[in-house]
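S.K.: Residue numbers (the working numbering), protein chains in the order written: chain A, 2 to 258; chain B, 169 to 477.
Hints may be right or wrong, so weigh each one.
If you want the ones that stay clear, here's a sample from chain B, every Cβ over 10 Å from chain A, calculated [stated by the list, open to error]: (1) 251; (2) 269; (3) 291; (4) 379; (5) 397; (6) 411; (7) 425; (8) 445.
Per label pair, the in silico range of CB-to-CB distance [unchecked claim]: (9) 36/A to 389/B: 41 to 51 Å; (10) 298/B to 36/A: 19 to 29 Å; (11) 153/A to 248/B: 51 to 61 Å; (12) 77/A to 270/B: 24 to 34 Å; (13) 436/B to 120/A: 51 to 61 Å; (14) 367/B to 183/A: 22 to 32 Å; (15) 226/B to 170/A: 37 to 47 Å; (16) 34/A to 390/B: 33 to 43 Å; (17) 40/A to 394/B: 32 to 42 Å; (18) 419/B to 44/A: 29 to 39 Å; (19) 356/B to 190/A: 51 to 61 Å; (20) 152/A to 286/B: 50 to 60 Å; (21) 47/A to 354/B: 45 to 55 Å.
It is worth saying that the hints were derived from the structure and are not from the lab.
Computed from a prediction, not measured in an experiment: that's the story for all the values here.
A virtual CB, placed ideally from N, CA and C, is assigned to each residue, including glycine.
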Amino acid sequence: MSEIISVRRRRLILGLGAGAGTLLLGGCDRLSNLPQTQSALLSAQWLTRAAQRALVGPDALAPEYTRADIAPVFRANGTLDPSNPQYQALAANGFRDWRLKIDGLVESPRELSLDDLRSMPAQTQITRHDCVEGWSCIGQWTGPTLRDVLARVIPKPQARYVMLFCADPMDSAGDYYYESIDMRTAAHPQTLLAYELNGETLPIQYGAPLRLRLGRQLGYKMAKYVMRIQLVASYRPFGQGHGGYWEDQGYAWYAGI
Amino acid sequence: MLPRPFRTPTNNSDPKKGERQMEPATATLLPSDRPAGGRVFILRHSLAVRILHWVNFITLTIMLMSGLQIFNAHPALYWGATSHFSRPILSMGAMEDDQGHTWGVTTVGSHTFVTTGVFGWSKGSEGTYTDRGFPTWATLPGPRWLAMGRAWHFFFAWILVINGALYVTLGILSGHIRRDLWLTRVDWRRLGHTFIEHVRLRFPKGDEARRYNGIQKLAYLFVIFIVAPLIVLTGLTMSPTMDAGWPWLLWLFDGRQSARTIHFICAMTFLGFFVVHIAMVILSGVWNNVRSMITGRYAIETPARASHE
């Protein structure tokens, strides 16, 4: 008798186990489609950011490499040539009419030409670019640090984020690429507005005339084709409110891992 | 090898079970001690170990499958700091032949294998063939969705690390690791014999079944103290922020792309461990093993009376 019960119980428990396994696998897919799951899972990025901030100092530098390490062909990713008539016109003229507009929570908003930026002290770094897809490429980037550029407009104390608005349209809905970084990242000594790659004027596929370079985050944070920089207290009012084009598609804002 | 003992002696005999009694796991069974049924129950796994085991199982499954989703975003592995796109160590992809027929192809070093239907070219979630590294049934989510794969991976990475840290801490404090997993001199001496017994699928009975054997212990120690730390450290090495804070990680693993490759190898090692673990659970008695990991109770057949069962 007890053996029969025990056989039934065995079947029940093994059945429950198999069922739970199937549910887990099928269920995870269904769960992935729920916005609540997405935001719950993504919230772990704030714990990751806090932990990495505790372990890594604000000025710790990304490793720099030698000329011998530079990739023969740096992989171009994302938009390769913005299909934007305004941008195309600027490019046709060698970006002579291009201006970087800097405004928002700053004391003195400005518009800087490429020559203005080139006349500033420049930093050259040979650093590794890590794509969210998993690959890495090493290149040499040149340009002023964002810290120096922001010093010219004098950020107000309320400014918490640097928004970067770009020239590349991403979809038919009229969304353009944009990104945001915090002031701590903006002040990092390796955060550049790069106008050169490997000693040459930045080619269009890499984000001409100006792109952001960060030493300690993934490629999608490094906005290309930058047109406007705006200092803000919150990135919520922009796009779908997640701080960037890819963040609006479900990628983590932190992007440090 | 794998599933099995632990746990210290507990003398919780259950009066309702009649002749079945819980005995100290480590006590020697003297002939006079043998219960009439030839079968005794020991408390093999502590409650803590049981909970940590199942949390670990769910977490590792999610980590593996979401990891394969992430791998699929760029299904190629390299050695060194960067990706030498023309010479990957391993890559998966689709190739079209002269007749317009598409093949799934996996390249390992200089060897190329046709892996249509599994790696490189397999049925997507809509039922049509697509260009993807691992097939849809192996990834989380099933369809190509890197953002969500990353969301699962980096949430459950925390669970994995917390669960693992709890296991090691409790395991050291309770003496479980030293008592149940550390190899004794006898274990080392009998390693060859144990191996042969395993190959012949002859599993220990009676007193011997009360403790892990040498091969089991080595397998557990290997995944707990070598593979698990390696997979965490190589995962951290892929973080550009951690590379700034802990540059020694890049030195240790010879660059970010090498770390990614080692991370993948560790994941496959976990998968291999899991396959062998399940095989051993099945071969050495599914019910007894599964019950012992749920309720803690593990039945030991005493050789002299085993025929009565």
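S.K.: Work down the list of hints and note, for each, if the structure agrees.
M.R.: Hint check results:
{"no.": "1", "hint": "251", "result": "violated (4 Å)"}
{"no.": "2", "hint": "269", "result": "holds (28 Å)"}
{"no.": "3", "hint": "291", "result": "holds (15 Å)"}
{"no.": "4", "hint": "379", "result": "holds (25 Å)"}
{"no.": "5", "hint": "397", "result": "holds (17 Å)"}
{"no.": "6", "hint": "411", "result": "violated (6 Å)"}
{"no.": "7", "hint": "425", "result": "violated (6 Å)"}
{"no.": "8", "hint": "445", "result": "holds (15 Å)"}
{"no.": "9", "hint": "36/A to 389/B: 41 to 51 Å", "result": "holds (43 Å)"}
{"no.": "10", "hint": "298/B to 36/A: 19 to 29 Å", "result": "holds (26 Å)"}
{"no.": "11", "hint": "153/A to 248/B: 51 to 61 Å", "result": "violated (40 Å)"}
{"no.": "12", "hint": "77/A to 270/B: 24 to 34 Å", "result": "holds (26 Å)"}
{"no.": "13", "hint": "436/B to 120/A: 51 to 61 Å", "result": "holds (54 Å)"}
{"no.": "14", "hint": "367/B to 183/A: 22 to 32 Å", "result": "violated (58 Å)"}
{"no.": "15", "hint": "226/B to 170/A: 37 to 47 Å", "result": "holds (42 Å)"}
{"no.": "16", "hint": "34/A to 390/B: 33 to 43 Å", "result": "holds (38 Å)"}
{"no.": "17", "hint": "40/A to 394/B: 32 to 42 Å", "result": "holds (36 Å)"}
{"no.": "18", "hint": "419/B to 44/A: 29 to 39 Å", "result": "holds (33 Å)"}
{"no.": "19", "hint": "356/B to 190/A: 51 to 61 Å", "result": "holds (54 Å)"}
{"no.": "20", "hint": "152/A to 286/B: 50 to 60 Å", "result": "holds (56 Å)"}
{"no.": "21", "hint": "47/A to 354/B: 45 to 55 Å", "result": "holds (51 Å)"}
In the structure shown, a violation is registered for the earlier hints numbered 1, 6, 7, 11 and 14, in ascending order.
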